[in-house]
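Put the two chains together into one complex; each comes in its own frame, and the hints tell you how they fit.
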Amino acid sequence: MTGGPSGPDGRAPEGRAPDRRAAAVPAAGGVALDRAALDVLMPMALIVAPTGHVAHAGPTLAKLRPGRALVGARFLELFELRRPRHVSDIAALAVQAGAPMHLAFRDAPRTGFKGHAVPLRGGAGLLVNLSFGIGAVEALGVYDLTGADFAPTDLTVSVLYLAEASAAVQEESRRLTHRLLGAKSAAEEQANTDTLTGLRNRRAMDLVLERCAAGREPFALMHLDLDFFKDVNDRLGHAAGDHVLRAVAAILREETREADTVARAGGDEFVLIFGRLTDRDRLAGIAARLLRRLAQPILFGGTPCRISGSIGIAMSQDYAQPAPERMLHDADMALYSAKNGGRGRHVFARDLAAGPAAE
Amino acid sequence: MHGMISRSIQCFLQDTYGHSAWADVAAAVGRDGDGFEAMLQYDPAETEALLCAAVQRLARPRETILEDLGTYLVAHPHMQMIRRLLRFGGAGFVEFLYSLDELPERVRLAVPDLGLPALDLCEHGASRFTLRVAHPHPGVGHVAVGVLRAMADDYGALVLLEHLGRRDRVETVAVELADTAFSAGRAFDLRMRAG
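Heads up: the sequence lines are chains B and Y, in that order.
full-length UniProt numbering puts the first sequence at residues 1 to 359.
full-length UniProt numbering puts the second sequence at residues 1 to 195.
Note that these hints are calculated values from the structure, not bench results.
Hints should not be assumed to be uniformly reliable.
Here are the simulated SDA-like cross-link-like pairs (lysine to any residue), alpha carbons at most 25 Å apart as the crow flies [unchecked claim]: (1) B:63 - Y:188; (2) B:230 - B:184; (3) B:184 - Y:188; (4) B:114 - Y:191; (5) B:63 - Y:40; (6) B:114 - B:141; (7) B:63 - B:108.
Only chain Y is shown next, with the shape it has when bound in the complex (with noise of 0.2 Å):
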């Protein structure tokens, strides 16, 4: 598994949790407080016993952590590049749910080898959607639905997210929309901010 994925689960407990929790998760799978590299390559296995370990540690139930994971990959300052990447995506949330679709293409150009879930999003009537996540780890779906929340809340829209289980590897999330324009959300500009 790509360390990208590893490093960002780090990176989540460490300013989630603090150092201490890193640091005894770290030890419960073997690492040192060094943890991950982003640029190297895993083997899934270590990937799941990391997950195991924080659930242990944090005595929080796997799809709240992963969730949070999710929230955490948009919503949080050291995760800029992300929520910057995914606001590409199209200037209201839903031209953004549309966008999901190529999400994996679009990632595969710059990470060949990361891996992201195929994406499909299904369509019933105007305000909602279902979003397929297709994926071999178990509670992918979870993490799509805090990237979702957060990414709605980012464009200032109000969501309804179902978590509406697995089945075949592939696990499905329920996309009810409220309102487009809840609040403000947050401004979005194309120009590269220095540095």
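Next comes chain B alone, as it looks inside the complex (with noise of 0.2 Å):
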């Protein structure tokens, strides 16, 4: 049992000296204590003298402040007191012995604790015990300390070990989400895409149609059939007759713009839909560039393989109510009547005796 004048933190303070007897209680049934001890036992305690100043810092807490001698200083100069507030000097802090504390450094950066005090016997000041708390681990990121510098009794390590346990977990967690999700909208782009030429297919077709029907937007739609398509079929094989089809998919790719719908219906047949395209002349333009474009040969192995197209259109300003069956069932209608005044040819619904206008 040792703490006199020369234990091991003997600096003396400036201004008034604390009362040196603090660390050291030799009293009939009381605990006696050296300082080295209190270290060992609580890491982040200090001894508050009677006047208010810091006579010892347990070496943990001396961590924190590497540049600065806590010994001397003021107590509630250097800790901003959060709860008990309003408590002005140390006797009113004996007052409350044991009750929780929440405090935290004046200085940057701000750390703050977790304590309780109890007073010394024989009025040799305060015994005050910090922790980090729930704080741990934003005060671990800050210091440079190792589990050495806490008591074993002590959960904080534990704490920060928690904190980056389940961090993992939850990053781990994040990625099978993020997985999921890719896989999720890969089954879905696979649902909607027609496999031999990359097109939308008609499901997708089918969803644009009642997105557009059901919307305010003004929309068109082209339904594009191939001529001598079965010839090519018949001619020179399934092979050509699949290079045909994407020579075609690649052709009305080109052709629309990237908002538009390009679907492949089904067998040589395709649906093109073009969100907010009202204007007849211009619908008419892409029509004729398109069955221009087909009418030339597609090269299959160096034969040439002859195709054209016919194209029936609906627009949806021809209708009170856009329902997408009757304006598919019109572009048709239009389709056929194309394909009867000769092939490479666009026909409008709006232009059949028996088309929307005629309702």
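Have a look at this one:
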């Protein structure tokens, strides 16, 4: 049992000397502890002299302010007391012995602490024990501390361990969610894509048409059917037919805008949906350009495949209530009218006797 | 069995033996290349099948593969998190050994259903220990040998490890400490790294 003026923290503070008997408590029935033992047991404890000056600071606490001597500083100038509030002197603190304290450094980094204090015997001041509490993760991110800076009974390092372990598990969950989302959108993409041409499929076309019909924006749809495609298939085989379909898909993509929908509705039938396109002349221009390009021979292994196409066009503004089924039907009618009138032509549904205008 | 276990075997095979080796093993157990999800549960029989397929594909003894898996879990750059969490056990290797008793408890806080083996450390003198590893799945003791070897390396300690066999679901590993400051070891900082 030591703790006289030559104790381990024998630096003489400036101003009024704090009570040096503070760390030794030699009283009958009491517990006597020297400062070295105190440092082992509570490395984040402070002894505050009756004058309000810090008489002793535990080694871990001292590590938090490496450039600054805690001993000799006034406790309430070092720390802002958040709970209990409005405490202006140590005597007031001593009255609330054992009650929970919340405090924080007044200078940066303004680390917060949980603590409690008990008065030392013989009016020797206060023993204040501190811990990082739940703020451990933040505190340990700031200071250069190791596990050895904490008493084995202190769960600070365990809190940090748990925080990291839980962050790692969350990260793993996040990765799983991302993978699942990726797989979901890939599956959706696949479910909406025609595998041969890479265009949208009939299912996707129905979805887009439904969305267009439900929305307020006008739109137009073209129904394109290839002419002489069966000849190519019969004469040169399915490989040639597939090649022609892919070449047609490329032409359709080139001649439409990114936002337009180009779908292979089945066999050699294609449906193109143009959002916000209401200009009959522009639609006619697009149709004519498509048909011109389709009339160019498509080479398959050096053999030219000759096809052409016919197009029927329906425009949503011709309908009071544009229903996808009705519009597809009318475009289909227009398409057959185009075929009957000679191939490589386009016809607008509204020009048919039984078209939308007839209602 | 927790997906983290199958997943870590998968990562071990991918990172150590390459994607084609993993693809072969995955095909042998009827999985696609994505393999196992860490956050899902799998039938323990599936994990066992995975191990058997790895033994066949790599043509190496099961014990060796399990020990390498243990080393991989600590030493591979992709597994920094595990090494870091284990280093929380203590400032030195002996302290780390003592911390093993409470490791399953700690892990349970973060991943309640991981089902880590019960670990029991016995001390036979200052530098001789035995670690008893209790788990229904045979071979977990070999994983422990690999983990201990890598952790000793991490702490800079020189240890002799020996798997003493399995009896009643308990495998025993002898740990003999030759030197606790054999090399500098790797640095460990409580501060979380960014990211």
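Against the structure, the hints:
With a C-alpha separation of about 18 Å, the suggested pairing of residue 63 (chain B) with residue 188 (chain Y) holds against the 25 Å cut-off. Between residue 230 (chain B) and residue 184 (chain B) the alpha-carbon distance is near 37 Å, which puts this suggested pair outside the 25 Å criterion. Note on residue 184 (chain B) and residue 188 (chain Y): the hinted pairing is violated, with a Cα-Cα distance of about 40 Å set against a maximum of 25 Å. The suggested pairing of residue 114 (chain B) with residue 191 (chain Y) holds, with an alpha-carbon distance near 20 Å, which does not exceed 25 Å.
Between residue 63 (chain B) and residue 40 (chain Y) the alpha-carbon distance is near 44 Å, which puts this suggested pair outside the 25 Å criterion. Of the supplied pair hints, the one linking residue 114 (chain B) and residue 141 (chain B) holds, its CA atoms being roughly 18 Å apart against a limit of 25 Å. This hinted pair checks out: residue 63 (chain B) and residue 108 (chain B) have alpha carbons roughly 14 Å apart, not beyond 25 Å.
Hint compliance for this structure: hints 2, 3, 5 are broken, all remaining hints hold.
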